[in-house]
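Just so it is clear: in the sequence shown, position 307 is 297 by this note's numbering, and no numbers are missing.
Calculated from the structure, these hints are not laboratory results.
Accuracy of the hints is not assured; some may be wrong.
[What the hints assert, rightly or not] Here are the computed distance ranges between Cβ atoms for each label pair:
#1 Q224 x E148: 46 to 54 Å
#2 R3 x R264: 49 to 57 Å
#3 A27 x V209: 54 to 62 Å
#4 V29 x A90: 21 to 29 Å
#5 A114 x D240: 20 to 28 Å
#6 W71 x Q217: 19 to 27 Å
#7 G206 x H73: 46 to 54 Å
#8 G41 x R264: 37 to 45 Å
#9 E34 x A203: 28 to 36 Å
#10 G190 x R264: 37 to 45 Å
Ideal Cβ placement from N, Cα and C applies to all residues, glycine included.
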Amino acid sequence: MGFDETVLPQLERALIAGHDIVLLGERGQGKTRLLRALVGLLDEWTPVIAGAELGEHPYSPITPESIRRAAELGDELPVAWKHRSERYTEKLATPDTSVADLVGDVDPIKVAEGRTLGDPETIAYGLIPRAHRGIVAVNELPDLAERIQVSMLNVMEERDIQVRGYTLRLPLDVLVVASANPEDYTNRGRIITPLKDRFGAEIRTHYPLELEAEMGVVVQEAHLSAQVPDHLIQVIARFARYLRESKSIDQRSGVSARFAIAAAETVAAAARHRGAVLGRPIRSPGSSTWDDHRRAARQAGIRIRRGGP
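The task is simple: from the sequences and hints, build the whole structure.
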């Protein structure tokens, strides 16, 4: 995507500073892929207390149960090893996301066993506490209801959680990262101001700035059923870039990098289909037609405005 000189330096500085991060960009700019790539910065394997809910380090237990087990068992405390892929948690924000999903709630089964509501061991932890010593990513952050956003404030600033009026202080070691559409994040008031303030870094992503970068994305990501020559890849990449500048395109829907990828795959599939119909092998497509581009546009979800030039 051509992030080497723009996005990545900002991301590296934010990580070194220990900031929570929100990526702002239109759809198809690689935000989710970039967030998932952060896993590669973690140690491949890390020790955890075996059976602990939050993946705590054997030398640094934080929940009452793990602290008690560590005190009772000492050097006999069982240890397991956790792969870095298990230390990344991702949640797509939807209007029906609850506080219990992200932060936690009281476990009714434990209450039924006779424990009181104020007992920390009655809490069933949500995604953010369970990402202790790892990364939790929230995609499309503005889609969270305001009350859910409020529940994240203490987790991100004080590193403690509040469940049904009870506060449990946990020295959580978690990196919170999120993605959002810039218009939803800045203009529509869908993010409460205190939550914005919790993110130490707001990083803008972008579509490929150079034609070569656009072509590189297509070559890297497209799954082609037939060989597509470089000059056709270049035509597709140029077409995608022209669409982003066209007044005939509803820019709110955007023209993502997926469009060029889908177009290349459609052109390759058209060649394969033509070969099957004609009864002869066709290893690469000829000139693409307007119908090919139109089918690719529909598959990529691009909306063309009526009456445009």
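Q) Which earlier hints turn out false for this structure, listed by number in ascending order? A) Those not satisfied are hints 3, 5, 6, 7, 8, 10.
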